[in-house]
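**Student:** Chains as they are written, first to last, in my numbering: chain A, 3 to 298; chain B, 228 to 549.
Please note: incorrect hints may appear among the correct ones.
Unchecked claim - When the alpha-carbon atoms are kept at most 20 Å apart in a straight line, the in silico EDC-like pairs for lysine to aspartate or glutamate are as follows:
1) A/Lys120 with B/Asp531
2) B/Lys466 with A/Glu191
3) B/Lys466 with A/Asp268
4) A/Lys267 with B/Glu358
5) A/Lys164 with A/Glu191
6) A/Lys120 with B/Asp507
7) A/Lys190 with A/Asp218
8) A/Lys93 with B/Glu498
9) A/Lys92 with B/Asp531
10) B/Lys303 with B/Glu368
11) A/Lys120 with A/Glu191
12) A/Lys92 with B/Glu524
13) A/Lys267 with A/Glu220
14) A/Lys267 with B/Asp464
15) B/Lys466 with A/Asp218
Stated by the list, open to error - Not close to chain B: a few residues of chain A, all C-beta gaps over 10 Å, as computed:
16) Leu63
17) Cys87
18) Ile108
19) Leu149
20) Val155
21) Arg173
22) Leu216
23) Leu227
24) Ile253
25) Phe287
Honestly, the hints are just simulated from the structure, not real lab data. Cβ atoms here follow ideal geometry from the backbone N, Cα and C, with glycine treated the same way.
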Amino acid sequence: MGGSGILQLIFSGITIGSIYGLVAVGFDIIYNCTGIINFAQGEFVMLGGMIMISLVGAADLPMWISFPIAVFAVTLIGALFERLCIHPLKKPSILTLIIITIAASILFKGGAMFAWGKQTFSLPHFSSERPISIFGATILPQTVWILGFIAVVVLLLAFFFKATMVGKAMRACAANRSAASLVGVNVKEIVLLSFALSAAIGAVAGIIIAPIALMDYERGMILGLKGFSAAVLGGLGNPVGAVVAGFLIGIVEALCAGLLSSHYKDAVALIVLLAVLFIRPSGLFGSLEASRLKKF
Amino acid sequence: MGAKNRISLGVLVGGLVLLPLFMRNPYYIGVMVFIGLYSLITIGLSLLMGYAGQISLGHAAFFATGAYTSGILTTKAGFAPVPAFFTAILLTACVAFLIGIPTLRLKGHYLAMATLGFGQIVYIILNASVEFTGGPSGFGEIPRIQLGSILIESQISRYCLVWSLVILVLIFSLNLINSRVGRALRSIHGSELAANAMGVNTSKHKIQVFVLSAIYASMAGSLYAHFVTFISPSSFDLKFSILVVTMVVVGGMSSVWGALVGTFLLGLLPELLRNFRDYDILVYGFVLLLIMVFTPEGLIGLIDRLKGAQEKRSLKAQAKLS
Chain A
3 MGGSGILQLI
13 FSGITIGSIY
23 GLVAVGFDII
33 YNCTGIINFA
43 QGEFVMLGGM
53 IMISLVGAAD
63 LPMWISFPIA
73 VFAVTLIGAL
83 FERLCIHPLK
93 KPSILTLIII
103 TIAASILFKG
113 GAMFAWGKQT
123 FSLPHFSSER
133 PISIFGATIL
143 PQTVWILGFI
153 AVVVLLLAFF
163 FKATMVGKAM
173 RACAANRSAA
183 SLVGVNVKEI
193 VLLSFALSAA
203 IGAVAGIIIA
213 PIALMDYERG
223 MILGLKGFSA
233 AVLGGLGNPV
243 GAVVAGFLIG
253 IVEALCAGLL
263 SSHYKDAVAL
273 IVLLAVLFIR
283 PSGLFGSLEA
293 SRLKKF
Chain B
228 MGAKNRISLG
238 VLVGGLVLLP
248 LFMRNPYYIG
258 VMVFIGLYSL
268 ITIGLSLLMG
278 YAGQISLGHA
288 AFFATGAYTS
298 GILTTKAGFA
308 PVPAFFTAIL
318 LTACVAFLIG
328 IPTLRLKGHY
338 LAMATLGFGQ
348 IVYIILNASV
358 EFTGGPSGFG
368 EIPRIQLGSI
378 LIESQISRYC
388 LVWSLVILVL
398 IFSLNLINSR
408 VGRALRSIHG
418 SELAANAMGV
428 NTSKHKIQVF
438 VLSAIYASMA
448 GSLYAHFVTF
458 ISPSSFDLKF
468 SILVVTMVVV
478 GGMSSVWGAL
488 VGTFLLGLLP
498 ELLRNFRDYD
508 ILVYGFVLLL
518 IMVFTPEGLI
528 GLIDRLKGAQ
538 EKRSLKAQAK
548 LS
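So that you can see chain A by itself, here it is in the shape it has in the complex:
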């Protein structure tokens, strides 16, 4: 395989890796505010993609209207999930929380099967499907869209966390919940917001990936797992690390699929996950000291 072939693989790795990174950011936001790993994170991605496909395909709405509607719908689902399932708990154990988010993911998946059946769906590309040639390799315009959206989401999030009052309150919660509540942050509201926000981010990931990866009701789990791998590799709770780790995992996965064996493609992220957990649970970019302070 020549240099352009490798470059081609790296391009496809970057494309899918950016989605893993976005899913990972969703994990990080909830984890930072609540200490919960939301096993249903992948389902938000699936729901985003599926709702968008329905709006564009069945309801025949233009993309630019469907996009915000789909994101809003999933955000609402995320908020409802927090209100109905997480909010009522009194001093839940980690085991309880794990099982609740798993149950929710089963429920979302079952609901999606109920609503859309078992078929796979695809979404039309955002613009033309004619590949653009770069250094002998080609990329789809959709890849440019995906990277553009990632950049916008990351910039918006950075602005939100650094410059707005609510974002600062969320960071305060992440640092120390009781201290945040002492200075007047409404922790319960922040928790709700964190679920809504990461549902929205998941939905965006699902919508932008839908044109190049087919969507079905089962797609969420594996995307969630790979996103989690990226979150751990980047250092759990570190959104910037998550995006970088997402790219890394996507590229390694694409290279493995192209050069070694496509059968084991899906195992790459999981092996990375186990290796990081066993060797350096704080991830590439997390500090060892900070990870000791956090409750796992």
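Since chain A is already given, all that's left is putting chain B on it; use the hints.
**Tutor:** For chain B alone, coordinates are given in the frame of chain A:
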């Protein structure tokens, strides 16, 4: 073992002996056979989750190791089913030991994700190593078990075999819980730090119980392979791992009996939900969510709580009278 456990065990054995006398339909006996197989796994998981406080979302992998080892050894290496059964146990124990050492150092969410990742990797290997496992389409013609002159072929003979094994495993587990090791395990669940400080070798005990639960799952896997005579990866996916965890949680993690109650309930649920066909997964999710939100200690815990409330009320009533 304690009087309460002895009585429960007696009731269970009595019920199991009487059941085939009243239930002649081989289909329902078949359902009971599957509940027995699940019980083997959930008893082990309840030791791991309820007593040692460790979660595993990868037990399908051990179930698969048992099933595939038995299947491959009997069809391709000329083993008889019984030696294959024990070889499978040995192999699964080794795998569980090697995986357990690094994995059980992790806690909470990390442990859950690591075991889930391990289970998925095994699932991918089952699909990808076509020359050994037959890939996604699996392989068949696994011989049935021959015990002396009896061929385990009819539903009732399977029923007897699997439930005898369940009772043996149950007695062993109940004795274990009430031994030094059992107390050590419960102390780990209470506080690992405190247990360590009291001189309990927590990491050793955690790995022991992890390996034991893997062995139980391997037994179930071997029996499954010889009963069904055909295996393919789809029986060993993440859904399976989650299902067995669900059974333990729904029944109540605080005791092995809870695991059995949960296994019976969720084992029978698909029969009750036949009309829902594919949508039973929706009901599973819903039941699991309801139980976790409202009674995280499971059905057994709910019964205990109701009993406690009743006792309190009668105490109050007595206090009023005097």
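**Student:** Was A/Phe287 rightly flagged as not at the interface, with every chain B Cβ beyond 10 Å?
**Tutor:** holds, 17 Å
**Student:** Check the hint pairing A/Lys93 with B/Glu498 against an upper bound of 20 Å on the C-alpha distance.
**Tutor:** violated, 35 Å
**Student:** Mind checking the alpha carbons of B/Lys466 and A/Asp268 for me, to see if they're no more than 20 Å apart?
**Tutor:** holds, 17 Å
**Student:** A/Lys120 and B/Asp531 were given as a pair; does the straight-line alpha-carbon distance stay at or below 20 Å?
**Tutor:** violated, 42 Å
**Student:** Does the no-contact call for A/Leu227 survive, Cβ to all of chain B over 10 Å?
**Tutor:** Not fine: 7 Å to the nearest Cβ puts A/Leu227 too close to chain B.
**Student:** Regarding the pair B/Lys303 and B/Glu368, is the alpha-carbon distance no greater than 20 Å?
**Tutor:** holds, 11 Å
**Student:** CA of A/Lys120 to CA of A/Glu191, is that 20 Å or under?
**Tutor:** Not OK: A/Lys120 and A/Glu191 at ~36 Å, beyond 20 Å, violated.
**Student:** Examine each Cβ of chain B, and state whether all of them lie more than 10 Å from the Cβ of A/Leu149.
**Tutor:** holds, 28 Å
**Student:** Using Cβ atoms and 10 Å as the threshold, tell me whether A/Leu216 really stays out of contact range of chain B.
**Tutor:** Since the minimum Cβ distance to chain B is about 18 Å, A/Leu216 lies beyond 10 Å and the statement holds.
**Student:** Just double-check A/Ile253 for me: nearest Cβ-Cβ distance to chain B has to come out over 10 Å.
**Tutor:** holds, 20 Å
**Student:** Does the alpha-carbon distance linking A/Lys164 and A/Glu191 stay inside the 20 Å limit?
**Tutor:** Roughly 19 Å separates the two Cα atoms, so the pair holds.
**Student:** Tell me if the straight-line CA distance from A/Lys190 to A/Asp218 falls inside 20 Å.
**Tutor:** violated, 34 Å
Consistency note: the structure conflicts with the earlier hints numbered 1, 2, 7, 8, 11, 17, 18, 23.
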